[in-house]
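Engineer: Spelled out, the chains give:
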Amino acid sequence: MELIIDVRNHFYGTLLALSGIQLTVSSGGVVAIIGPSGCGKSTLLGIVGGLLKPTDGLVSSRGTVPDGCLNPLTYVFQDFSLLPWMTVSQNISFVLDHHSLSTVEQQRRVADVIKQMDLSDFAHAFPRQLSGGMRQRVGIARALVVRPAVLLMDEPFSALDAQTRDLMIQDFLDLWVRERITTLYVTHNIDEAVRLADQVVVLSRRPGRIKAVVPIEIPQQRRQEIEFAPNLSRLRDELWSLIRDEAITANREFAHD
Amino acid sequence: MIDAPYVAPVSSLAGSSPIPFRGAGFLPADSPKPMLSWIATMLVLCIWQIASLLGWVSPTFLPGPIAILSALGDLAISGKLWTDVSASLVRILVGWSLGTLAGLIIGISLALFAVARSIGVPLISALFPVPKIALLPLFIIWLGIGEGSKIFTLALAAFFPTAISTYTSIDSVPRNTIRMAQSFGVPIKSIIARVLIPGALPGIFSGMRISTALTLIVLVAAEMIGANEGIGAFVILSGTLMRSDQLLAGVVVLSILGLLIGTGISALDRAFLKWR
Ligand SMILES: Nc1ncnc2c1ncn2[C@@H]1O[C@H](COP(=O)(O)OP(=O)(O)OP(=O)(O)O)[C@@H](O)[C@H]1O
Ligand SMILES: [Mg+2]
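These protein sequence lines map, in sequence, to chains B and P. Using this note's numbering, the first residue of the first sequence is number 1, and each one after it goes up by one. Using this note's numbering, the first residue of the second sequence is number 258, and each one after it goes up by one.
No wet-lab data here; the hints were simulated from the structure. Just so you know, not all the hints are guaranteed correct.
Here are some, though not all, of the chain B residues that point toward chain P, as calculated from beta-carbon distances under 7 Å [what the hints assert, rightly or not]:
| # | residue |
| --- | --- |
| 1 | Gly49 |
| 2 | Leu51 |
| 3 | Asn71 |
| 4 | Tyr75 |
| 5 | Pro84 |
| 6 | Trp85 |
| 7 | Val95 |
| 8 | His98 |
| 9 | Phe126 |
| 10 | Gln129 |
Given the structure is predicted, the values throughout are model-derived calculations rather than measurements. Glycine included, each C-beta is placed from N, C-alpha and C at the ideal position.
Please take these sequences and the hints and turn them into a complete structure.
Structural biologist: What follows is the structure in structure tokens.
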């Protein structure tokens, strides 16, 4: 599914958070959004996912959804947002219960994603018994169980330690290569953006505007290969210099607030 | 080839001094000692009993444990104990249940509806500190001296802590979990039943601990003011007859009742909150 985003303005009260965001996320693509803290990345994702009404703007979609899709635009949250009183499998079936699936179909779907995310041994564990990485795997399993057309991920791995994050990124790439789910991905981490995205959108400091759109043409599966290392390193530098000025100015503004 | 395990070289301790142990926090260092608690309790009871046997304190002033126990036995045999206990139990069960039910309903409405909140919260905050027992005479005028006025007072005592704890704990369920449910299109009824209420349950249970303790106090006070049956009535009657042994037997029954209620809530806690 393709997303056409046109957010002219978004205000919180009198505070202008976003301005002039025009962006198309093509079907099966991964678009990463980076920008300094407080520039409106989460706000943008909230608007796209229908959790926030833009003050002035419109988000539309075009194209087909996968077979059995129950929730076209689906979130993966930074804080995982699991319900601590439900087991892993209950947390996952929680988002299916209000759909009229047969019990067999529902159980099959839950079992499938649990297996896919390597959680079989923990299906009946409570979230407090899981490590951070496992918790986010539950978050991703819960998102996949509804067969989404678009994944909206708000810093999905930023609460994890560096090694776990690395493994999760690889897992996510494998998944994405298999299923080609359109993904809009918010991150602070340039490395993460450069490994996952085929387009990196750089936002300016508040009010967030699009400062640059940087395409990455190397296929995701081959980015670890040595021959592309110089290219990717140049991209990283370019992105870094794009957000550095913004970040420095944003920090200064914070200090004066 | 097999790697030999790494062995750290041991350096000489000459000229070094060991780092002293400075404590591990005020946690009990080793396992609790149930025997010790029993022995201490028995010791206190024995000293008390000996003191009353030797006539150090007069039995009217403070009867010994055996005297209290035998008074309790007499009451159980004569059947007086059961009439009083069951009268009190019915009052507290009916009153507390009604008050708790109303408190839950009002508490949930306060948390969910802005209108209910703007009307209800100031009203409830203003009425919560009023000692409910002070209103019993008014309720007697309204409802007569019978069970109605006592049960109403008890219900009121249970209502306020429950309503307040319910709405504050629903309020403090993380907004993010609600947004999560909304982002999956979960209908509002399921969000209330499966996100808000379970998330608020620990807070609701601590509200119940407060409300049961309060209703027990109000129960005894109400029975002392005007009742023929009930543990409170029995205690006050024993007092006027100078029967300290029976009076304290009544107090023992009350503490057992309080203990049982506390254990009951702990059991509920364990059953519903095993995810914590
Ligand atoms: N509910 C709200 N009410 C008022 N202001 C808000 C609200 N949510 C966000 N803001 C403001 O809007 C701006 C953008 O916030 P947003 O959370 O979208 O930033 P972000 O780019 O996701 O930041 P971070 O990288 O720190 O997550 C910030 O200045 C923030 O203070
Ligand atoms: Mg954010």
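Engineer: All hints, please: hold or fail.
Structural biologist: Evaluated hints:
Given the 7 Å rule on beta carbons, the hint for glycine 49/B holds: about 6 Å separates it from the nearest Cβ of chain P. Annotation: interface hint on leucine 51/B holds; nearest CB of chain P at approximately 6 Å, less than 7 Å. Annotation: interface hint on asparagine 71/B holds; nearest CB of chain P at approximately 6 Å, less than 7 Å. Given hint, tyrosine 75/B at the interface with chain P, holds; its Cβ is 5 Å from that chain's nearest Cβ, closer than 7 Å.
A distance limit of 7 Å between C-beta atoms decides the matter here; for proline 84/B the minimum to chain P is near 6 Å, and the interface restraint holds. With 7 Å as the threshold, the beta carbon of tryptophan 85/B comes within range of chain P, its nearest partner Cβ sitting at about 4 Å, so the hint holds. A least Cβ separation of about 4 Å between valine 95/B and chain P falls short of the 7 Å threshold, and the interface hint therefore holds. Evaluation of the histidine 98/B hint against chain P yields a held restraint, the C-beta minimum of about 5 Å falling below 7 Å.
At its closest, the beta carbon of phenylalanine 126/B sits 5 Å from a beta carbon of chain P; the interface hint therefore holds under the 7 Å criterion. For glutamine 129/B, the suggested interface contact is broken, since its CB lies about 9 Å from the closest CB of chain P, more than 7 Å.
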